[in-house]
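On the provided structure of chain P, position chains D, A and C as indicated by the hints.
There are 4 protein chains.
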Amino acid sequence: MNLDSLNALDREGFAAALEPVFENAPWVAQETWASRPFATVADLHAALFAVVQARPDAKKIGFLQGHPDLGGAAARARAMTASSIHEQGGLGLAALDDAGFARFETLNAAYRDRFGFPFITCVARHTRGSILAEFVRRSAQDRAAELEAALHEVFLITRLRLVALVDGPGAPHTTGKLSTHVLDTSIGRPAAGVAVTLFEMDGAEGRALVATVTDGDGRTTEPLLTGVPLRIGTYELHFAVAPYFAGRAVADPAFLDVVKLRFSIAEPEGDYHVPLLVAPWGYTTYRGS
Amino acid sequence: MNLDSLNALDREGFAAALEPVFENAPWVAQETWASRPFATVADLHAALFAVVQARPDAKKIGFLQGHPDLGGAAARARAMTASSIHEQGGLGLAALDDAGFARFETLNAAYRDRFGFPFITCVARHTRGSILAEFVRRSAQDRAAELEAALHEVFLITRLRLVALVDGPGAPHTTGKLSTHVLDTSIGRPAAGVAVTLFEMDGAEGRALVATVTDGDGRTTEPLLTGVPLRIGTYELHFAVAPYFAGRAVADPAFLDVVKLRFSIAEPEGDYHVPLLVAPWGYTTYRGS
Amino acid sequence: MNLDSLNALDREGFAAALEPVFENAPWVAQETWASRPFATVADLHAALFAVVQARPDAKKIGFLQGHPDLGGAAARARAMTASSIHEQGGLGLAALDDAGFARFETLNAAYRDRFGFPFITCVARHTRGSILAEFVRRSAQDRAAELEAALHEVFLITRLRLVALVDGPGAPHTTGKLSTHVLDTSIGRPAAGVAVTLFEMDGAEGRALVATVTDGDGRTTEPLLTGVPLRIGTYELHFAVAPYFAGRAVADPAFLDVVKLRFSIAEPEGDYHVPLLVAPWGYTTYRGS
Amino acid sequence: MNLDSLNALDREGFAAALEPVFENAPWVAQETWASRPFATVADLHAALFAVVQARPDAKKIGFLQGHPDLGGAAARARAMTASSIHEQGGLGLAALDDAGFARFETLNAAYRDRFGFPFITCVARHTRGSILAEFVRRSAQDRAAELEAALHEVFLITRLRLVALVDGPGAPHTTGKLSTHVLDTSIGRPAAGVAVTLFEMDGAEGRALVATVTDGDGRTTEPLLTGVPLRIGTYELHFAVAPYFAGRAVADPAFLDVVKLRFSIAEPEGDYHVPLLVAPWGYTTYRGS
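Residue numbers (numbering that gives the first Met the number 0), protein chains in the order written: chain P, 0 to 288; chain D, 0 to 288; chain A, 0 to 288; chain C, 0 to 288.
So here's chain P without its partners, still in its complex pose:
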């Protein structure tokens, strides 16, 4: 859908078009309609969210209560069908084993008891581990702080939905980028042909997200992650440098076989460049830009 055509709709059409953004709360779009036209997608999102923010706390809480339980049995059952549940579930949560699911249900029940609304988080910005950490951290906050935190998550969720739904100028920045680069400091040239694998870590376990090989410029053809929010969590980049250095006079076995760079991402909309400067007997890494 195009921002111009959205601006041209009547009130009912406008609300219907935006229904997937603020689910179960058509009044948000209805009230926003009066402020048309919007010059940018970001302006439209700000106007929509301002309608929510203008409500008194009791109304905000009612609004939050309209959201599905994350980790609840109902969510579980519906995980594969409803898109909003899908957003809240992600691959990480869908893959929870029974014990993990029980943990979520317990946390969720305690949270709802304490605050009177379900735990809401923008799952697309998280790994399973960071959701759990958030759950624990936010469960310990006082109610005012947590109400604000929950609304901020609604802000993030609806922003992603709106950007996916509406084309137009001034789209808010909702994606991050992770890239790498391998430089051979023993020959002063990019290291070409190095196999690189990116893992999302869950404790000691890793799930391979990307497996690629460096090109002649020591980079990967595509960034490792791009066009999506980077999920908050811990990652490892594995570089198979032993085959790359093979043939130069090195030890057997080579001092470096697989270089593992382990790092965490904290900013889903950030630019993370994690290069490897490597010689046969040493290396350097850092967060670059």
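Don't take every hint at face value.
A pair holds if it fits inside one copy or across any two, identical chains being indistinguishable in the list.
[To be verified] Simulated crosslink set (SDA-like; lysine to any residue; CA at most 20 Å straight-line):
hint, residue 1, residue 2
1, Lys176, Asp251
2, Lys58, Arg142
3, Lys259, Ala143
4, Lys58, Ala45
5, Lys259, Ala245
6, Lys176, Asp216
7, Lys176, Pro252
8, Lys259, His172
9, Lys176, Leu223
10, Lys259, Ala241
11, Lys259, Gly202
12, Lys259, His272
Keep in mind that the hints were calculated from the coordinates and are not lab data.
This one's a predicted model, so the numbers in the text were calculated from it and none came from an experiment.
Leaving out everything else, chains D, A and C in the frame of chain P:
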């Protein structure tokens, strides 16, 4: 036992004293006796081995045939009792699962068929993975090269046994050292209180060998490994830097939680210094000395 | 001038248009004319040079003899007026003191005695020091090798002239790039506002070529050098990091005040990226890309 | 002189023996005598200084007034003879040119006008540049802070004198150490035979303090500086790496010819280890320990 008192023994006493060094081959010590006295332990070992080397190939092969099968069923049964088997077995081989053991038995049978003597290697200088790699590499050699390789392993095994048995000047260098050091380049000081764990890797699996904490000089109180040959193989050093950097303005989660340095050791008698130069957002490592 | 219009000229017009490229040798362009039209500037240059290469050695030498002496008194007098001399002189040679000039004259006389033609080099690709080093190295070659070397310099000189003179597709790559980047590994962000000065070194003396300041991305607005061949020689990059780190808890005086990266450029048409990864107490640099 | 024999002296002998420590103030040692015996040299120094500190401010100022002017004309004339002047002068101040000396005299006169006593600093802990910086900084303090600062310098001066004069247990730590180490990360071994020069910098000018060559362990036979306080100031270490890397396939000229590490020392009694981790196309340095 002391080198001086060994030098003073008669032929039978001398051979008896050195019996554990060249097992099942008392003639080695008996012939060496004539060359007494030995000024250093290294001289004694050189003289013992020279007796073996002076034999024609047929005799050398007979000598090798007197060694136990590595990985054979008999070795397995006797692993806990006979010291020479223990040396040949080590912890790594003892822990082989059935499939692994079957693999060794197959390799061993093929090796014996090809060369007419059992596979001999100085197990104290190896991890399980490097024994397997050696087995495969040496099985493909021609007979002359392999005879030389097997005798060199006898040289290494008996050298370790002799050094353990006889005190005296001029002991050959049979041990290596692995050490580390953590330096915080954001404050120009050693990083104290960083938990460090050393793992011996077997594929993706790691077995923790040492768990320690850096002292005020960023070092560990004792070297990570010392006084023994370093087993050829792959290792990982894990440094828990997130708690160390906690409290400084960093991201949540911190960019670096556990730094994993993965490296291989190729020289059992070498000095490996593997330091970590670390700032909150980057690090450098290398083989130092 | 445009390649298309050049292709459309008659023989005399073509030769006149290209006169500045092969000075004192109008026959080069005249003979090349028959091969029109040229699809790319690189094709045109290859065709021009092929005419020279097709000559027998005696003619090639005559052609070289038509070039001015580098460092000769005549060149000195004309340094400010004639463009070809200017190319051969550059700022570095113009600034030679009397002793330096005498050195050049001596080398030049010896060279001409030995080879029978003047020393020719593409000065735009050199600093004063590298010309001298070239002079010494090439003076020691045998005549056949040196004839080839001198013609290769004519190739380089005329390629630069042609690219400056003729617009069109397929221009040969005649320029390099030098860039830098400052990354603060203690905060994981580009270091903004760091004063950077690039010096061309002549022994211990440096001549400042560029003085700039890093922007919010830790880079300089423009590459340090671009759009020209990089002169072979030694350079220093000075980064005033003390003001950048001021205000963080560091020593007085700060461990690092000015970081000096000294490096040499060997490929005038290369891409040199020389970054600084810096924390208050340490840094890393390397040739990147 | 030995601490035991000093402890055994009578009051006059004790004061005479310590006369060179607190010049022109025999009462300091005379009053300290009553607290004999001293178990350590540090205890003795603490007791001596406590006598000064116990005086009211007016007396302390009188005590300071007994010290010679730093940079005054009298000091200049006597620089070569009187040991206390020599301490205050050092090589750096002796080498001042006329303009530099005039600057010091102006600062000194202004300082004396403001505070009523001469500027005192422990010159052995300073380079010329750091004395000047201290002079400017301290001249701007209020009188109470500066009185304390001047007495602290007396503490440092007399501590050095006492350590030089009296042998005995528990000598205070008055010296620092500067060392280096060159590690070749392209071969995983110490870089042997690298020429290293240490310069003390004064602006852009450097004075070579040490010229040496790395040994087989990549270190220098002796620390670069040891057994003396390290003078606060800026230094450069130059490593001639091009000859070291010559013969490996590198560019001509080599990317790295002389690596210059520039750093400042702020703690005269500190341990500064400034290593170079170098490959043909990049390097790392840091303050180690």
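Checked hints:
In this homomeric assembly, lysine 176 and aspartate 251 come within 20 Å of each other (Cα to Cα) only across copies, at 18 Å, whereas the closest approach inside a single copy is 37 Å. When the C-alpha separation of lysine 58 and arginine 142 is checked against a cutoff of 20 Å, the pair qualifies only within one copy, where the shortest distance is 15 Å, while the shortest distance between copies is 65 Å. In this assembly of identical chains, the alpha carbons of lysine 259 and alanine 143 never lie at most 20 Å apart, being 42 Å within a copy and 41 Å across copies at closest. Within a single copy, lysine 58 and alanine 45 get their C-alpha atoms as close as 19 Å, which meets the 20 Å cut-off; across copies the closest is 72 Å, which misses it.
For the identical chains of this complex, lysine 259 and alanine 245 are intra-copy neighbours only, at 18 Å inside a copy versus 22 Å across copies, given an alpha-carbon limit of 20 Å. In the homo-oligomer, the alpha carbons of lysine 176 and aspartate 216 lie at most 20 Å apart both inside one protomer (18 Å) and across protomers (15 Å), since each shortest distance falls under that limit. Taking the shortest Cα distances, lysine 176 and proline 252 sit within 20 Å of each other only across copies (17 Å), while inside one copy they are farther apart (35 Å). In this homomeric assembly, lysine 259 and histidine 172 never come within 20 Å of each other (Cα to Cα): the closest approach is 30 Å inside a single copy and 33 Å across copies.
Taking the shortest Cα distances, lysine 176 and leucine 223 sit within 20 Å of each other inside one copy (8 Å), while across copies they are farther apart (27 Å). In this assembly of identical chains, the alpha carbons of lysine 259 and alanine 241 lie at most 20 Å apart whether taken from the same copy (13 Å) or from different copies (17 Å). In this homomeric assembly, lysine 259 and glycine 202 come within 20 Å of each other (Cα to Cα) both inside a single copy, at 15 Å, and across copies, at 14 Å. Both within a single protomer and between protomers do lysine 259 and histidine 272 lie at most 20 Å apart by alpha-carbon distance, with minima of 15 Å and 19 Å respectively.
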